[in-house]
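In case you want the letters, here they are:
Number of protein chains: 2
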Amino acid sequence: MGPGPSDVSARVLGAMARPTLGHLDPDFQRMMEEVKEGLKDLFQTKNRLTFPVSAPGSAGMETCFLNLVEEGDTVIVVRNGVFGDRMRENVVRAGGIAVLVDVEWGKAPDVAVIETVLNANPEAKIVAFVHAETSTGALADAAAICALAQKHNCLTIMDAVTSLGGVPVLIDEWGVDAVYSGSQKCLSCTPGLSPVSLSEKALDKIKARKTPVRSWFLDLSLVMNYWNGEGGRSYHHTAPVNALYGLHESLVILFEEGLGSAIARHKHMHEALVAGLESMGLKFLVDKSCRLPQLNAVVVPEGVDEASVRAHLLKAHSLEIGAGLGPMAGNVWRIGLMGASARRENVELCITALADALNRHQYKTDVTGALKAAHQVLDA
Amino acid sequence: MGPGPSDVSARVLGAMARPTLGHLDPDFQRMMEEVKEGLKDLFQTKNRLTFPVSAPGSAGMETCFLNLVEEGDTVIVVRNGVFGDRMRENVVRAGGIAVLVDVEWGKAPDVAVIETVLNANPEAKIVAFVHAETSTGALADAAAICALAQKHNCLTIMDAVTSLGGVPVLIDEWGVDAVYSGSQKCLSCTPGLSPVSLSEKALDKIKARKTPVRSWFLDLSLVMNYWNGEGGRSYHHTAPVNALYGLHESLVILFEEGLGSAIARHKHMHEALVAGLESMGLKFLVDKSCRLPQLNAVVVPEGVDEASVRAHLLKAHSLEIGAGLGPMAGNVWRIGLMGASARRENVELCITALADALNRHQYKTDVTGALKAAHQVLDA
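Note that the protein sequences, when read in sequence, are chains A and B.
The first sequence maps to residues 1 to 380 in full-length UniProt numbering.
The second sequence maps to residues 1 to 380 in full-length UniProt numbering.
Derived by calculation from the structure, the hints in this document are not laboratory data.
One or more hints might be untrue.
Since copy identity is lost for identical chains, a pair holds within one copy or between any two.
[To be verified] Derived pair list, reagent style SDA-like, types lysine to any residue, alpha-carbon separation capped at 25 Å:
#1 Lys36 x Glu302
#2 Lys46 x His317
#3 Lys315 x Leu24
#4 Lys267 x Gly38
#5 Lys205 x Asn119
#6 Lys205 x Val367
#7 Lys210 x Glu71
#8 Lys315 x Asp102
#9 Lys207 x Leu222
#10 Lys283 x Pro26
#11 Lys201 x Gly258
#12 Lys210 x Glu89
#13 Lys205 x Arg344
#14 Lys210 x Ala112
#15 Lys205 x Leu13
#16 Lys107 x Tyr235
#17 Lys315 x Gly229
#18 Lys151 x Ala10
#19 Lys315 x Arg18
#20 Lys315 x Tyr226
#21 Lys288 x Ala112
#22 Lys315 x Tyr235
#23 Lys210 x Glu70
#24 Lys205 x Val92
#25 Lys315 x Leu21
#26 Lys315 x Pro168
#27 Lys210 x Met280
#28 Lys210 x Ile97
#29 Lys207 x Arg291
#30 Lys267 x Arg18
Quantities reported herein were computed from a predicted structural model and do not represent experimental measurements.
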């Protein structure tokens, strides 16, 4: 129950162990098509360039930035956590100029402030923001930010690593031009793949580039020949065949449940966890209005040694929760309710184990009351 | 039996299906240390920066080039196949200047020619070459090329994607400064990881960089904090946990057999395949003096439609062999004898199936004689 990887089901693990086909095998290519179609449904998009990058989420991020940002391009980067700052780094590595919109960690970006920065930087070509900030658990208003970017003739790059599959992600409706995610969060697949999707407008900007992309491995004009090769795929790199079996199975599982049901389940489990932890007197970092259900940043009570609590959870309860990142280190725990991890038993385990750990750390809690509060939500 | 992925054993597949631990879990970190130690033994090196890049071989290549090549650096690139040309592309993407040493495809690089180019380009900082060219099956004299590069105060970058585990790869003895490989060739792991190793001299060049590496995901100064973090690893990206289980198991299997025995097995199986195919009148592209045992480029007999032969092998015999790449397309088949694929049954299957396919394509063969020739080698 950390910030990902989430629990991986036996079905996905079993899929990982299927015999390895060649990356150009016709049967494998048929599976690639199914993965692409599944990802389109998941991203709610018709974008023809929708596929999983053969590396973790950070490489999906880099795919979007290195392809879309050309030397000298100004990019507005909204930064309200670790991953917003990583976007800034990506802009710099791509040779672009990052103009930051700094937002207090744990808060959602203020659209009016972004507009002010856009007005002051009419040369800006791209607005980049994190939909679900994994370091804090804050959800951005993607629809509003995209509408604003379009008004200013900017493309948008959105980080959906933690949001995809846990809250609505509506790429076409919002008009997101480039989005990346990760396999190991709400999809409950093993880590190592990064689903991405790019709009036609994004592809037009890539086609119009005057300089080559600063990466051969992530250059979409080449990767496309493998993933989108019409009338015959051509070799670019050797795809991680077994990891893709796992992603395929995780998509099958997700659509068996239904995307809407999965999103509702995340919300339900989150509300139960909130009821339990709040009854123990714990506070959440993020305001209810923009709080992610799948990533719960819980404030460490004063006087409690957070690392020692996590060590006890892992040792005594086999339960992993995440530490705070950056300026949040020592101040919050990050409890994931992602994908297969977002289930009743985990809510109960987390409340029970955390109550036990806190009781051993001079923070007295009533575990029976906390479980009762959670069950009231779960059984409602 | 294509040019990789090779056959993946049930043990490696089983390892892929182990429950996913967190990428910062203490037990997982212990396994990471074992993977690093195993790779050091495999590369025959003491290099402290020896680890698997979280993406396929192409990303390992890019890791070496983007970190070592700085804007304006001249790099001598030896090109005798597809992967030499990819090195040139990598130099360009890194902002360097590639000076090519072109060698006929299927031939080993001529060290005297490389020396002439080095003499003509005293500003060169790096010599890059492919140890085992997967597109042709030619083996380079790595010891000689490295000695030459050192004489000219150049660092070396070596592609060992297909060589590692199949022929001797002696990083410290030869003095290779940066080497990358792939998990899916002679290690018989699933595709998706790229073991790399860098010398202290290489790390010094990286430390002295004046401009940031053009990739955040592959920036070794950051990746090191996760893979080599002394006194506590820090998060960089989410490692592909299950893929690393597979790599760990493939290393265990390799060292159970012994590296020397595995290399001898590749040679033995290769000689049996050669005996069988030559008795059928087939010719090998690469001269015996520099021919790789694990990658056999067999010349397509005149009048035979090579794609139709491969399709028959796949359909009737469930046997995949590789097509030619680039200018070799249509002219050669590439038959892999890599890792777990380098075994008696596969040599027999390949001879039998290829004889069947050729007989159906107006190229008459004596399968009994071919098998007898192979068995003479196998049973010697």
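Item to complete: Could you tell me which of the numbered hints above are not met by this structure, giving the numbers in increasing order?
Response: Of the numbered hints, 1, 2, 6, 8, 10, 11, 13, 14, 15, 18, 26, 27, 29 and 30 do not hold.
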